Amino acid sequence: MEQALGDAYRSFDHSSAAGFVSARDLVEYCFRHPNVRAISSHQAAPPPPKIFGREVFTSLLIRDPIARIRSVYAFERAQAKSTPGAIKAKELTFKQYVEWRLETSPAVLCNFQVYFCSRTAANRSQVSGDEQLENAIKNLDGISLVGTVARFDEWLALVQKVLSSSFPNLALASARQNASLGCEPSKGEILEQLISELGDATARYLIQKNELDMCLHQVADALLTRRLAEHGAGLTLLQAYTSTQGDRSSSHRL
1 MEQALGDAYR
11 SFDHSSAAGF
21 VSARDLVEYC
31 FRHPNVRAIS
41 SHQAAPPPPK
51 IFGREVFTSL
61 LIRDPIARIR
71 SVYAFERAQA
81 KSTPGAIKAK
91 ELTFKQYVEW
101 RLETSPAVLC
111 NFQVYFCSRT
121 AANRSQVSGD
131 EQLENAIKNL
141 DGISLVGTVA
151 RFDEWLALVQ
161 KVLSSSFPNL
171 ALASARQNAS
181 LGCEPSKGEI
191 LEQLISELGD
201 ATARYLIQKN
211 ELDMCLHQVA
221 DALLTRRLAE
231 HGAGLTLLQA
241 YTSTQGDRSS
251 SHRL
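So the sequence shown is numbered by my numbering: it starts at 1 and just counts up by one.
Hints are computed from structural coordinates only; laboratory data are not their basis. Nothing here was measured: the structure is a model prediction, and the numbers come from that model. Quick reminder that beta carbons are idealized off the backbone N, C-alpha and C, glycines included. There may be inaccurate statements among the hints.
[What the hints assert, rightly or not] Beta-carbon label-pair distances, calculated as ranges: (1) Q79 <-> A229: 29 to 39 Å; (2) D200 <-> Q160: 36 to 46 Å; (3) A80 <-> F52: 14 to 24 Å; (4) L172 <-> H42: 13 to 23 Å; (5) A4 <-> R54: 17 to 27 Å.
[What the hints assert, rightly or not] Lysine-lysine pairs mimicking DSSO-like chemistry, simulated, CA-CA at most 30 Å apart: (6) K209 <-> K95; (7) K138 <-> K88; (8) K95 <-> K81; (9) K88 <-> K161; (10) K95 <-> K161; (11) K138 <-> K50; (12) K90 <-> K209; (13) K81 <-> K209; (14) K138 <-> K187; (15) K209 <-> K187.
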C-alpha cells in the first residue's frame, strides 16, 4: 500500500508501546490529514471508525499464537526502539526472553490477540477470559478484511478484489514486508522446535495459555474463507475444475 499510495499512506501509533489508538483518534487524524487514504497501525482498536464522507475498509491478520511467540522475539530484536522488550530481546536468548516475559508481562505471549481485539479505552485489562473472547470475535466480525498469516496470499487476493473499485490502479505485490510473515512451518514442526528450545513444561504451558487465541485464529480462518467466497476471490474449486478442463483439452489435441 505504501508503495502504491505514496504520501497518501501513513503509519499512526502512539510513542508508548502500550499505546491505544481509538476510533475517535483515527477520525481526528483523518480530519487533520485529509489527503491520507490509508493508515497502518499496530495500536488501533476495533470497532472501526465511521468517517463522514469516506468509505472505511479495515483489515487485520491473526497469527497462529504458538508460531507468534518466536515472531514476537524476532520483531523485538529487530526494533531500533529502546522499549524494555526490545532491549531484553537483544540481550537474551529466545528461552531467556520467554522466561522474562512470562515473569514480568505474560499477556504479551498468552492470549494476546484476544486481549488486543477485545480491549477498549475504558477497559485495557490484560487478563483474557471467555467474555473477552466473545467480544474479540464480535469485533473481528466487524472487520472488512480478516485473514491469517498462514493464508497471507489468499488474504492479499481478497484485499486486492475488495479495494479495486476504490483504488483502481492498486496492484498489491505478494512480497511480505514483515519478514516474520514468511511461510509458517507445520504445527508439528512448531511444537517440536518450541519443546527443543524451551523444554516440554514451558511449551505445554504456553499452549494451555493460548487456547483462547487458538479459538480466535480459527474464527479468523473461517471469516477469510467466507469472505473469499462472498467476493468471488480465490475460488479454489472453480480453479481446480478450470485447470482440469484445460488439461483435458490439451490431451484431446495430442
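These are the hints, each one checked on the structure:
no.: 1; hint: Q79 <-> A229: 29 to 39 Å; result: 38 Å, holds
no.: 2; hint: D200 <-> Q160: 36 to 46 Å; result: 43 Å, holds
no.: 3; hint: A80 <-> F52: 14 to 24 Å; result: 37 Å, violated
no.: 4; hint: L172 <-> H42: 13 to 23 Å; result: 20 Å, holds
no.: 5; hint: A4 <-> R54: 17 to 27 Å; result: 18 Å, holds
no.: 6; hint: K209 <-> K95; result: 17 Å, holds
no.: 7; hint: K138 <-> K88; result: 35 Å, violated
no.: 8; hint: K95 <-> K81; result: 21 Å, holds
no.: 9; hint: K88 <-> K161; result: 41 Å, violated
no.: 10; hint: K95 <-> K161; result: 41 Å, violated
no.: 11; hint: K138 <-> K50; result: 17 Å, holds
no.: 12; hint: K90 <-> K209; result: 25 Å, holds
no.: 13; hint: K81 <-> K209; result: 28 Å, holds
no.: 14; hint: K138 <-> K187; result: 27 Å, holds
no.: 15; hint: K209 <-> K187; result: 17 Å, holds
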